[in-house]
Amino acid sequence: MKLSPDETIYWQYDFVVINATLVWTWVVMLLLVSVSVLVTRNLKTDLKISRWQCVLEMIVTSINQQIKEVGLQHPEKYIGFIGTLFLFIATANLLSIVPFYLAPTGSLSTTAALALSVLIAVPFFGIQQTGFGSYLKTYLKPTVFMLPLNIISEASRTLALAVRLFGNIMSGGVIISILLSITPFIFPIIMNALGMLTGIIQAYIFTILATVYISAAINNTNKSETIKVNNV
Amino acid sequence: MDSSTFIGFISIIMAGFTTGIGCMFPALAQGKAVASALASLAQQPDSSDVITRTLFVGLAMIESTAIYCFVLSMILIFANPFWNHFMEQIAK
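In order, the protein sequence lines correspond to chains A and B.
Sequential numbering of the first sequence, starting at 1418, is according to our numbering.
Sequential numbering of the second sequence, starting at 0, is according to our numbering.
Treat the hints as calculated values from the structure; they're not laboratory data.
Treat each hint with caution, since some may be false.
As the list claims (entries may be wrong) - Taking beta-carbon pairs under 8 Å as the criterion, some of the chain A residues facing chain B (in silico):
| no. | residue |
| --- | --- |
| 1 | His1491 |
| 2 | Pro1492 |
| 3 | Lys1494 |
| 4 | Val1580 |
| 5 | Ser1588 |
| 6 | Ile1617 |
| 7 | Ile1622 |
| 8 | Ile1625 |
| 9 | Leu1626 |
| 10 | Tyr1630 |
As the list claims (entries may be wrong) - Computed footprint of chain A on chain B; a stretch qualifies when at least three of its residues, placed anywhere within it, have a C-beta under 8 Å from a C-beta of chain A:
| no. | region |
| --- | --- |
| 11 | 46-58 |
| 12 | 64-70 |
| 13 | 73-87 |
Said to hold, decoys possible - Calculated Cβ distances over 12 Å to all of chain B for the following chain A residues:
| no. | residue |
| --- | --- |
| 14 | Glu1474 |
| 15 | Leu1525 |
| 16 | Ser1526 |
| 17 | Thr1555 |
| 18 | Leu1566 |
| 19 | Arg1574 |
| 20 | Ala1577 |
| 21 | Leu1578 |
| 22 | Asn1585 |
| 23 | Met1608 |
Given the structure is predicted, the values throughout are model-derived calculations rather than measurements.
Idealized CB from N, CA, C, for every residue including glycine.
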């Protein structure tokens, strides 16, 4: 039994390996990019807009809304990163109804890459908003002794992000392939539908957690500055 | 009992125990979380957005412990490092 799409190899020459993860990641990326290019080619501000523009506006507006509700005041700055995360994971999971498709999120390398990009994005946005020194000071909060714990929590939440997404998608695949050998007709379809639901929820959770981490990094530093101002 | 049987025996038993125990407690915790979220939804239907979002994030946090156990038992069954090491030893 194949646990991850890494093990399905389409083409190999010496150490150059093209596996299912790579192929389907590029397919998802091409799909997302080409659809958005096609839709945004002629945007209008009239009363009557095309239906695809309407769909895209709904997606962008609702992602902005969600980001704002978590506590980031200017969602336009962050939607480039957070919205891409959500759209990529959601598309990658939803395409699992296509035959022969293997979700790239079922491979630990994809999810680890996504989690690492969150790990880098948190200090990036934190430093961009508040400056280098005041961001580094958030590691010393509430006391200096919390420094190792803060670093450990940063590492462990990255690991948790990666393993959570990987485990959910992989377990869906494993359960379907076990059910295929026991009851091959109806039940795998139901489990596939359930897998799509879990995929959307996992995409939402990954995105919300990334947003919460970023907003925690930004709001912590802001809070310290207001406290300092009050003390002065 | 030679050591290959022993490694397989212990691995399979522990894989079962890992998923079994590791699903039991997160299930209890998730039930508790959903129950209290439903109670607070009944009390304050207006703030359903915030409650639902916090519930989902919390459920994901709880569920990840169960997922860790599941991944661990999958490693024990399908990609057991001790078993692989032992098979390499035999092949030499």
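Which numbered hints fail: Structure breaks hints 1, 2, 3, 6, 10, 15, 19, 20, 21 and 22.
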